[in-house]
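> Letter by letter, the chains look like this.
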Amino acid sequence: MKACKKCRGLLVQALYGELDSKDKTFFEDHLARCTACAAESRAMTETLKTMNRKARPEPGQEFWEGYWDRLSRRMEKEDAAMETSSPSARKRLGRIFGLSPHWVFQAAAAFVLVVLGVFIGRTIFPPHQTPVAVAQPTAPLGPGESDPILRARDYIDRSKPVLLALVNYDPASEDSYALDLPLQKQISQDLVTRAGALKSDLKDPAQRRLRELITDLETVLLQIANLEAGNDLEAVELVKQGVQSGGLLLKINLSEMSGELSGTGRQPAPVKSPSQKTKI
Amino acid sequence: MTEEKELIDRLSRGDMAAFRELVETYKKKMYYFALDMVGNPADAEDVSQEVFLKAFRSFKTFKRDAKLSSWLYRIAYNASIDHLRRRSLAPQAVEDTVLDALSGGFSESPSSQNPAQAAENSLLQARIEKALEKVSSQERSVFLLRHYNELMLNEIAETMQISIGSVKSYLFRCIRKLQKELDIPRTSAPREVNNESL
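Chains as they are written, first to last, in my numbering: chain A, 24 to 303; chain B, 1287 to 1484.
Be aware that one or more of the hints could be misleading.
[Said to hold, decoys possible] Once the Cα atoms are required to be at most 30 Å apart in a straight line, the calculated DSSO-like pairs of lysine-lysine come out as: (1) Lys1466(B) <-> Lys29(A); (2) Lys77(A) <-> Lys1291(B); (3) Lys45(A) <-> Lys1353(B); (4) Lys1420(B) <-> Lys29(A); (5) Lys1416(B) <-> Lys100(A); (6) Lys45(A) <-> Lys29(A); (7) Lys72(A) <-> Lys1466(B); (8) Lys1313(B) <-> Lys25(A); (9) Lys72(A) <-> Lys1315(B).
[Claimed, not checked] Computed list of chain A residues with no C-beta within reach of chain B, every gap over 12 Å: (10) Gln36; (11) Lys45; (12) Val266.
Worth flagging that the hints you see were computed from the coordinates, not collected in a lab.
Where is the CB? At the ideal position from N, CA and C, for every residue including glycine.
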């Protein structure tokens, strides 16, 4: 039995010819004596043979010859985009004072005159006051109306059951209507409408992680809110994968543990310098 | 190895000719790995280009004692995972991928195949794709790196920054799952292998 365990430990290396001579001898001797391990080895070899038949479409010579050109074009394009999105102060000044055509100054002067005219006109002849309807907030605020931390906590508390219902839902063992999708959609829609106002209130740098969590939740809730009415299990599965791969529930738990939701959270950790160990 | 060292030296100086050499050497490997990971040719080209752009722009993070190929595969692995994550947030893209996979991407059915063979081959390809979808992303990545990209187990460990024991464990479990999905029989049912036993 111990020999079988050792043999299975070597199986992967044996399949790919990575055994040293000592292990190879042991492995081959054991397979000659043990029918179970031999059967296992045969089945795995057969599996790999089947996987060898996986087709990999060959894009053709033209594709490979043009690869470098396409890559360098993309590189140039991205570099240009980066330069235009963050020009240096010198370039900005140069663009305003040196490089701009004459008509830009004329247009700017005209704009200033119009604004001045409107301002003077409104001061001397104030517009007739008409009653304006009170703007309705996009969504009613929850508890803790003014404190964004309390609102964030309420937001997360309400999002969590929706995510848990989705993540724990197993279509193989449960009835497709056990998920109560209409209810989850309704809650999600409500939460999505609140997200914008909440994020803009979480302005403090110490609330950055909380703000990011709300953004992540908003994305997933938006997907749930937009699910088809008829329990589209494939779409549910995709959203479920999104929740799991994004580690949303873990992030919620971390926020709860770190005290961010009680307003006693720590300051955000300084950004680490990049190293090869971290994700590239 | 000396050639690689020389290439690394030139890359660290930002030499564009060296970068082109790197691209020409590894473009097929990166493309096919990305194709195996993301499943459609257009996305695979996109991901493989991203690998080279990231490599060029962040070459200062490359450690001299590491292997260039392992480093590139690591970037490719991360870029593919990021791509799949973004795609999972856009359900229509997945449908496109399935359609691409079913139509075989770039390739048409070879004219030498008769319709029955072509149909059989399409079914086999669909089964293989489906089987690969059933394994976790780590298991799949380890398998793709070993089986189709021919990296040794220790190179995979370096690429994915995990132990060799974990590589063996992921690979074993992956082949087992594939075997099950492909309905390949075995006469007995041995116990699961875990990290400790490997």
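> Each hint should be assessed against the structure and marked as holding or not.
Cross-check of the supplied hints:
| no. | hint | verdict |
| --- | --- | --- |
| 1 | Lys1466(B) <-> Lys29(A) | holds (23 Å) |
| 2 | Lys77(A) <-> Lys1291(B) | violated (35 Å) |
| 3 | Lys45(A) <-> Lys1353(B) | holds (28 Å) |
| 4 | Lys1420(B) <-> Lys29(A) | holds (27 Å) |
| 5 | Lys1416(B) <-> Lys100(A) | violated (37 Å) |
| 6 | Lys45(A) <-> Lys29(A) | holds (13 Å) |
| 7 | Lys72(A) <-> Lys1466(B) | holds (14 Å) |
| 8 | Lys1313(B) <-> Lys25(A) | violated (45 Å) |
| 9 | Lys72(A) <-> Lys1315(B) | holds (21 Å) |
| 10 | Gln36 | violated (7 Å) |
| 11 | Lys45 | holds (17 Å) |
| 12 | Val266 | violated (10 Å) |
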